[in-house]
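**Student:** Listed below are the residues making up each chain.
Number of protein chains: 2
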Amino acid sequence: MPPPIVSIVSKKNSGKTTLLEKLIPELKRRGYRVGIIKHDTHGFDIDHEGKDSWRHKQAGADTVAISSPWKISVIKDVVKEYGVDEIVARYFANEDIVITEGYKKAGKPQIEVFRSTAHNSPLHTKEQPNTLIAVVSDVPIDLNVPWFDINDVVSIAQFIEKTFLENKGGYQ
Amino acid sequence: MPPPIVSIVSKKNSGKTTLLEKLIPELKRRGYRVGIIKHDTHGFDIDHEGKDSWRHKQAGADTVAISSPWKISVIKDVVKEYGVDEIVARYFANEDIVITEGYKKAGKPQIEVFRSTAHNSPLHTKEQPNTLIAVVSDVPIDLNVPWFDINDVVSIAQFIEKTFLENKGGYQ
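Each protein sequence line maps, in turn, to chains C and S. The first sequence begins at 1044 in this note's numbering and counts up by one. The second sequence begins at 1044 in this note's numbering and counts up by one.
Next up, chain C with everything else stripped away, as it sits in the complex (with noise of 0.2 Å):
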């Protein structure tokens, strides 16, 4: 069963989001999970501080949408971290690739990023065993896996292209 939907309206400039900031904390102490949805009919850049979803959010509202006709954006809290595959088949379903910045430790195929300039030596290792499918890095470096400069972004993208999705239509 989906959860019960009430809808706030007014006229404009009538203090809605001033209520739901009094209102969510009276129905959090109640024992309730309450989520807020705000429609946003104008469209909207980005959530951000001072904002009515993050005046929600600090109000304590679990879970907090803003709805557009171009965007969604939503902010939920979570019990226990989402995992990489459940991030991607709740919220990632229709892309043809998804991009981790970071899950070292998600088992997925890696391609390492390394700048000399930065670090005396990759995360990775020739011998390590390890998901590594390629590296990326300002000076030639071996790793048993493709190089690639790392501002040859054309060739990194083919080479995703290829590794990825051979079979997914685009324009190739």
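All the pointers check out, no bait thrown in.
Remember, identical chains collapse to one label, so a pair may be satisfied in a single copy or spanning two.
Calculated cross-link-like contacts (lysine-lysine; reagent style DSSO-like; alpha-carbon spacing at most 27 Å):
{"#": "1", "residue 1": "LYS1169", "residue 2": "LYS1151"}
{"#": "2", "residue 1": "LYS1148", "residue 2": "LYS1054"}
{"#": "3", "residue 1": "LYS1094", "residue 2": "LYS1151"}
{"#": "4", "residue 1": "LYS1054", "residue 2": "LYS1094"}
{"#": "5", "residue 1": "LYS1147", "residue 2": "LYS1123"}
{"#": "6", "residue 1": "LYS1205", "residue 2": "LYS1148"}
{"#": "7", "residue 1": "LYS1094", "residue 2": "LYS1114"}
{"#": "8", "residue 1": "LYS1055", "residue 2": "LYS1151"}
{"#": "9", "residue 1": "LYS1147", "residue 2": "LYS1114"}
{"#": "10", "residue 1": "LYS1065", "residue 2": "LYS1151"}
{"#": "11", "residue 1": "LYS1169", "residue 2": "LYS1054"}
{"#": "12", "residue 1": "LYS1147", "residue 2": "LYS1094"}
{"#": "13", "residue 1": "LYS1205", "residue 2": "LYS1065"}
{"#": "14", "residue 1": "LYS1094", "residue 2": "LYS1055"}
{"#": "15", "residue 1": "LYS1055", "residue 2": "LYS1169"}
{"#": "16", "residue 1": "LYS1114", "residue 2": "LYS1054"}
{"#": "17", "residue 1": "LYS1055", "residue 2": "LYS1123"}
{"#": "18", "residue 1": "LYS1071", "residue 2": "LYS1094"}
{"#": "19", "residue 1": "LYS1151", "residue 2": "LYS1071"}
{"#": "20", "residue 1": "LYS1205", "residue 2": "LYS1147"}
{"#": "21", "residue 1": "LYS1123", "residue 2": "LYS1151"}
FYI, nobody ran anything at the bench for these hints, they're computed from the structure.
Here the structure of chain C is known, so what remains is to put chain S in place on it, guided by the hints.
**Tutor:** Only chain S this time, still in chain C's reference frame:
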């Protein structure tokens, strides 16, 4: 089939986000829908301009997420605006109640907020057949539904509890 996943990893401050800012448009140019998940092991306050996920989104990613042990935030472009029921089914399944701010035309039970200092008359009238279930205002007003003082948040919460949450648990 879920989309393929590839992880960009590195030691700290090696320029993963900078690389992604170039890689995302290159993959978009090739016709793919691209999702980006940033792993934030330290937690985050909110996604906002200048932060990594904002940079991913600006670079053209269709869906971006930032995941920490306590919170997940997702921003997704949509081709067609999601309806309230769809949003609730996708993102609010675990909540006890969902309150929308706005969505006058969604056909859900409505509570109108009216401030006599802001407007001369409320949205709803007595005669109009509608889904109004209560009115909340700074002056008593008769719309053939229960009226609550805008500052009496306890009574408003009680009304919502009685109307929607009687069998939902909570502490009552």
